[in-house]
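Trainee: One-letter residues, chain by chain:
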Amino acid sequence: MVADTSTQNNKPSIGDYLKNNIREYGLLVALVVIMLFFQFVTNGVLFKPVNITNLVLQNSFIVIMALGMLLIIVAGHIDLSVGSIVAFIGAISAIMLVKWGLPAIIVIPACLIVGGIMGAAQGYWVAYQKIPSFIVTLAGMLVFRGLTYVVLGGRPIGPFPKEFQLLSTGFVPDFLYFLNPAPETIQNMVALVAVIALVGYAIYAGIRDRKINEQHGTENEPFVFFAVQMAVIAAVALFIGFQLATYRGLPNVLIAMAVLIALYTFITTRSTIGRRIYAMGGNVKATKLSGINTERLTFYTFVNMGVLAALAGMIITARLNSATPKAGVGFELDVIAACFIGGASASGGVGKIIGAVIGAFIMGVMNNGMSIMGIGIDYQQLIKGLVLLAAVFFDVYNKNKG
Amino acid sequence: MDNIILEMRGITKTFPGVKALDNVSFKVREGEIHALVGENGAGKSTLMKVLSGVYPAGTYDGEIHYDGEARRFSTISDSEDLGIIIIHQELALVPLLSIAENIFLGNEIASNGVIHWPQTFARTQELLKKVGLSESPATLITDIGVGKQQLVEIAKALSKKVRLLILDEPTASLNETDSDALLKLLMEFRTQGMTSIIISHKLNEIRKVADQITILRDGGTVETLDCHSEDIGEDRIIKGMVGRAMEDRYPPREPDIGETLLEVKNWNVFHQQHRDRQFLHDVNFTVRAGEVVGIAGLMGAGRTETAMSLFGKSWGHKITGDVTMRGKPVDVSTIPRAIDAGLAYVTEDRKQLGLVLINNIKENTTLSNLKAVAANGVIDDRKEAKVASDYRSKLRIRSHSIYQETVNLSGGNQQKVVLSKWLFTNPEVLILDEPTRGIDIGAKYEIYSIINQLAAEGKGILMISSEMPELLGTCDRIYVMNEGRIVAELSKAEASQESIMRAIMRSGEKH
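Chains as they are written, first to last, in numbering that gives the first Met the number 0: chain A, 0 to 401; chain B, 0 to 510.
Treat the hints with care, as some may be off.
[What the hints assert, rightly or not] DSS-like cross-link-like pairs, simulated, lysine-lysine; straight-line CA separation at most 25 angstroms:
1) B:Lys327 to B:Lys350
2) B:Lys327 to B:Lys317
3) B:Lys317 to A:Lys284
4) B:Lys312 to B:Lys327
5) A:Lys398 to B:Lys18
6) A:Lys287 to B:Lys350
These are calculated hints, taken from the structure and not from any lab test.
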């Protein structure tokens, strides 16, 4: 039964608001709680500047792939092949750079294109031949892994030229050193200024959006939530920014990741392509009958995934400084888990970029924290599995209750 | 005959924030057909769910007396054990299992978990005979039509020793022939002493079969009418349902018909699955500006297929024929091209094909024409919200805002959202496929008013409907289809239920 009220904009109470948005706040709270927990049990190692830098470097590729995977999942599909694409891209980048001696400036775009082609090769079967993505990408996972062994001849290749390694080990140079008020503690002024500017902009944009919403009579979240949320995010960001500033500054990867997160958030929330992907995941037949070329949309979603997996593949290879046939084994599962922890629906049509990113960081912090604590890989897997189940149960429970 | 088999007293059921049933009383005599009518949301289905134990005892107030005793059902099987069987509107059959497997699903004839197939098939055959089906028990559900599926549901109920059969909108998706067969079956059961409760929107059918009619409105009982003591007309029932007399079910209109908009010539289409079978044969029709044109016909006559094959080849293959708009040939080979050509197709299946139910009103409204609220692929939120709000007020979509998910809207309001979506593409000709299916009388009137207004604005309307009175009440001209052919074209003056049926029957003899 639905209450047929025609009055517009009944102001929701704070309780209602919390109930409707418990998933998003819950996720943020979970991340903060997990961080504090590991900070405590590792005796403060987690938030050491060097460890924060490591956390970013270790998780960047999961986050980058989660962006593409979220679109795939929202579109109603799945991609199991990303771990194998990572390995294959690592292999061919090694061959081009190390064996053929090509410059990175050519190799990087070439690898992105190859990744796109690998995504296209799978997207074709899913979109135009209507073969379930689970099967197509399972095949892709095997084929690309096999190809990796073939091109590497079963042996690792390395090391890589410096310019390529900068992809994952480089930091943004401190061109603002002259502003530094305390050179003994702060090593990199750019990091601090960038984070402060970002937090400032986020608060400004948030307040501006609320004002615009008010003018147009659109619902706003209660101010308390807005304020608390902003305060938590700002505090965490400033803290991390400060810690990074006392070490080597902002890793290149962090910048790339931040730009991509912003870009994909924009695509999913503001662009026509994003809207159409959500509609397609919600009801593919209705979307097709609305005049949207759902086949092409599906195809490009897979191409996009391939490109992002290729980028991730290069970052990992550069970080390990060696291309091995076993690289990226099991990554697809971490990436998919990040999306589901972040609230994406396995039946499509539902999911947010920010959720997938937080989901990836929850996994990352747990990996990192448990490693510092010396918990074996066996128990790590077990615990991660239970966290995934708990997160999805939380979703289902809320849905049934509501 | 005057034995009361079921009495529900003072039933009150509340959902968070809504009182769905308020002190409802309901009395059914043994061996009668009792109709339960009311607008959507009046509480009919909720009442039946209380009765059958879907809402267990304790979650509602009031008493249920069945067969002379007070009962408290806590599960569906409690009520089924006593012979109360409910057949829901959405059929609960597994498409890829056979008729026999479906009938005995959960109730298999088996010993130690091993199914006894010969006995199962023999029993199924008996049951099918009772409902007048001649299919083999091994036939898959997916291979038989909706009408026959409905009969399988009834056979399934019979297998459970049913005493009180409850049918929720059994004929909603059936054509007239199948509906008649089903109603006849109910009347036959009545002579054998079975009691039935039938929920339906089709008042002419209710008049045909019901012994008593109970009318619900806004969660309360309005009255119970006895069909044998007085002659109950449809208007009498409607008055009870809507609380006011509805003099005319169709809003008046002054047709102002202009030039020919859409013209379809020699439209031939082969079947989507059975690819060598021609399904539509030389279909020709025209729609003029300001005109409401109907297509009448039985289920399977090819009406929906005509519309969908025309709308970007959404159905069928090997499609040939000429389509012109205002005399100029247009390309309708893909859906985007059909939309550009000025066509819009409002589907008969709004939940599966019309709406993205998990998305809100705003997102559904702009889906077909996102470009109009976007620049360079970026959606302008304000513009989009304004468009959605405008349609929401223009079509009077009842919701708390444009941000309400469409899954939570009533059928009539969902239909209005689908209409908004297509109006926003600014079509010249709208094809409306069963635009009022499953929506209540008040909302139907609103949909008819919208149709009239669109015609007055100079749009052409092609309306497909299985309800003949609706076509007769709204259309300026009616095509009759049968077996993939247009078999008659009737002007408003010529059209009547009899002339339409005659055209169908005559064409049936010819082929």
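Trainee: Are the Cα atoms of lysine 287 (chain A) and lysine 350 (chain B) separated by 25 angstroms or less?
Mentor: holds, 14 angstroms
Trainee: Given the hint that lysine 312 (chain B) pairs with lysine 327 (chain B), does the C-alpha gap stay at or below 25 angstroms?
Mentor: holds, 19 angstroms
Trainee: Regarding the pair lysine 317 (chain B) and lysine 284 (chain A), is the alpha-carbon distance no greater than 25 angstroms?
Mentor: holds, 21 angstroms
Trainee: Given the hint that lysine 327 (chain B) pairs with lysine 350 (chain B), test it: the Cα-Cα distance must not exceed 25 angstroms.
Mentor: Not satisfied, since the Cα-Cα distance of roughly 34 angstroms exceeds 25 angstroms.
Trainee: Quickly compare the C-alpha distance for lysine 398 (chain A) and lysine 18 (chain B) to 25 angstroms and report which way the hint goes.
Mentor: This hinted pair holds, its Cα atoms lying about 22 angstroms apart.
Trainee: Decide if the proposed pair is consistent with the structure: lysine 327 (chain B) and lysine 317 (chain B), CA atoms, cutoff 25 angstroms inclusive.
Mentor: Answer holds: lysine 327 (chain B) to lysine 317 (chain B) is near 23 angstroms, not above 25 angstroms.
When the structure is compared with the earlier hints, a violation turns up for hint 1 alone.
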